[in-house]
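Colleague: Based on the sequences and whatever the hints tell you, model everything.
Here is how the chains run, residue by residue.
2 protein chains.
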Amino acid sequence: MAKKKEISLEKSDASLTKEDIIVKEKLTSLGKQLIKEIEAGQSPYFETVVRGRSNVLHGEEGYLYLGDKKEKRVFLNVAQAKKFMQTVAVAAKCKKFKEENLHTSIRGLFYQLKFTLGEDLDEELFEEQSESNELVEDLEVALNLKREDLNLSTDRKGVVAGNLVIRDKFGGEETEIDCTKQGRSGWMIPSDVDNGMEFIDVDVDYVLVIEKDALWQRLNEDKFWKKENCLIITPKGQASRGCRRLIRKLADMKLPIYCFMDCDAWGWYIYWTIKTGSMNLAYLGRNIATPEAKFIGVTMSDIERYDFLKKLTINAKEVDLKRAEELLSYPWISRHQDWVKELKIVLDTKKKIEQDALQGPRLTFVGEYVREKVENKQFLY
Amino acid sequence: MAKKKEISLEKSDASLTKEDIIVKEKLTSLGKQLIKEIEAGQSPYFETVVRGRSNVLHGEEGYLYLGDKKEKRVFLNVAQAKKFMQTVAVAAKCKKFKEENLHTSIRGLFYQLKFTLGEDLDEELFEEQSESNELVEDLEVALNLKREDLNLSTDRKGVVAGNLVIRDKFGGEETEIDCTKQGRSGWMIPSDVDNGMEFIDVDVDYVLVIEKDALWQRLNEDKFWKKENCLIITPKGQASRGCRRLIRKLADMKLPIYCFMDCDAWGWYIYWTIKTGSMNLAYLGRNIATPEAKFIGVTMSDIERYDFLKKLTINAKEVDLKRAEELLSYPWISRHQDWVKELKIVLDTKKKIEQDALQGPRLTFVGEYVREKVENKQFLY
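Line order of the protein sequences matches chains A and B. With the numbering used here as the guide, the letters of the first sequence map in order to residues 16 to 396. With the numbering used here as the guide, the letters of the second sequence map in order to residues 16 to 396.
Some hints could be false.
For chains that are exact copies, the list does not tell them apart, and a pair is met inside one copy or across any two.
[Unchecked claim] DSSO-like mimics (lysine-lysine), calculated; alpha carbons at most 27 Å apart, straight line:
1) Lys264 <-> Lys196
2) Lys366 <-> Lys97
3) Lys51 <-> Lys41
4) Lys196 <-> Lys241
5) Lys326 <-> Lys110
6) Lys33 <-> Lys184
7) Lys356 <-> Lys332
8) Lys309 <-> Lys51
9) Lys326 <-> Lys97
10) Lys238 <-> Lys33
11) Lys325 <-> Lys98
12) Lys332 <-> Lys264
Rather than coming from a laboratory, the hints here were simulated on the basis of the structure.
Modeller: Quick look at the structure:
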């Protein structure tokens, strides 16, 4: 413990980026607008978009987004005054985080609010985190920003390997990460893949998204990404915000996105969430959806091509059958005959197949399967 | 898709390591012993240790381990014949994986068994994975090996940053990973931190284990590991096998291990699992436990030192109170007066504190808190 160093309590000296300044200005002008209203003797208000299911739409572009229904928070309204004040408090904290150039989670935000407001106002406004979460969503929508842009970090999950080089500016330092040199581990997908991140080299033919980490590890060991010149990504189950955003960005680079999932309720759900986005994040629209994504399997129809799979099916559970029926009821799914066929086989046979089953004949078959599917363009849309 | 390459189906050319050869020999001699018994006209058998709670002990050394109760699987016994055959099948598959120099998960093993046995024996021995899981544990105990040594990968979770350089030999390649150069992401802790992994440089004063990833991200942004010359590890909640094994290995290098957790049921559980191991992995004993670990907080007694924490406590839930009572009943906890005091405060006040609360006054306070605790050696044991 001899070589003790001082922890600097001052804000990071790394100067704010252009993007940071835009965010700060958006927050500042929100505040200025409120002051103007107060000075003009009006009740200040704050407008946001309704985020309930009734306002979620699915359009021709293939992703979920919010409709036009708006909601107003008015200060001089007994029912809304508290929420209004909270929203302003959240915005003020986020502006402070931007100025400090520091990040925290919404749990950290919650405690900052609890600390400050508890002291200044002698009232515990933020008993439960669910309240601050909702207010953050309000701000995201009203300012047309993601919470990551407001220096709020989110749960992160998932890893990447392949020919991708990233420049990561974070905590006042800059590092270059080469995703071909991450060994058995892979590069951990961060909360924010936009601010302070630059993809300085992406030289691959396609992106393979693999539901399960175990299968990712299998393909990583086979150096599949090197042999096939692709990126392999696993969201490790349901994709995090960061992972979904990463996939969107890779698709924006015109890279094909192929999803390799279980043929069951979870696998389909994870795929469709990546492709169309999800109900509760519909307010982020295309920023977090990748309608270009294609499903390479596993499918029940694979049994026609790979006879051995027949004996490696397992019994579908109630949740799988219910989900299959639900998916058939969505117009953006039922118009694809391949999907209808797939889901009907599950409902008829009451069987499902896991991607792990491809290891039955030999461990390396997983890679052979993916390669064949990609070569023959055997996808579901 | 022009630059297509052939996927090699042959086994990896990377030669087996000395450790791999020892494992293969253990598996081979198990097989030879069985053959010898059969040739001698005896019923072959297989011995393992009882893994139920009745055989789990906690000794002076401070970790959970198995007692002496043994169990025999005899082939010529109607009730045991099936299980016996399965155990041999699992051992044979693991030997094959070692020879191929390839890894899979126990789900992959399950499907390999289902594929092979279904064909050769026309009988579905492995309907459910729970069966193959139990058999893998049998083998681990009988051969005195971890499943990771048998080329079986496990769920992985958790990240590391700090002055640690690793040489990772995997999939026939070798990479060097510098945990000071992983940016916002950190180095993802793999399933296996033993085989093919070498810690070529570890130059830190201590190891800080942080329950929540959000707090890890906070300290990583502050470059806490650089300023304090420590490693920061987050298990992201309950520690994976790989993470627990990594902590054990770092403690073997005489590095102090400090655990920074929530003051609640989960935080205590995660700490005690790292320290003493857990009931269901008691068969791995000291290999996966770190009795040297110390608890730096958050504690209820912190309120005496940091007044602001009083207003950032939250209500304890039923599970927290129940857990506190349970912990007080363990002799290896109740003999530490500091722990008794802590748990009693929770039971009396029905309050708890999360580590996130330390961000209340300012985001950088988290690091100040940890530094002060470490400097003043304010630990619970």
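Colleague: A separate judgement is required for each hint: does it hold in the structure or not?
Modeller: Hint check:
no.	hint	in the structure
1	Lys264 <-> Lys196	both (22 Å within a copy, 24 Å between copies)
2	Lys366 <-> Lys97	between (52 Å within a copy, 26 Å between copies)
3	Lys51 <-> Lys41	within (15 Å within a copy, 79 Å between copies)
4	Lys196 <-> Lys241	both (11 Å within a copy, 23 Å between copies)
5	Lys326 <-> Lys110	between (58 Å within a copy, 24 Å between copies)
6	Lys33 <-> Lys184	within (14 Å within a copy, 41 Å between copies)
7	Lys356 <-> Lys332	within (19 Å within a copy, 48 Å between copies)
8	Lys309 <-> Lys51	neither (50 Å within a copy, 55 Å between copies)
9	Lys326 <-> Lys97	between (60 Å within a copy, 20 Å between copies)
10	Lys238 <-> Lys33	between (39 Å within a copy, 23 Å between copies)
11	Lys325 <-> Lys98	between (57 Å within a copy, 25 Å between copies)
12	Lys332 <-> Lys264	neither (35 Å within a copy, 41 Å between copies)
Comparing the model with each numbered hint stated earlier shows that hints 8, 12 do not hold.
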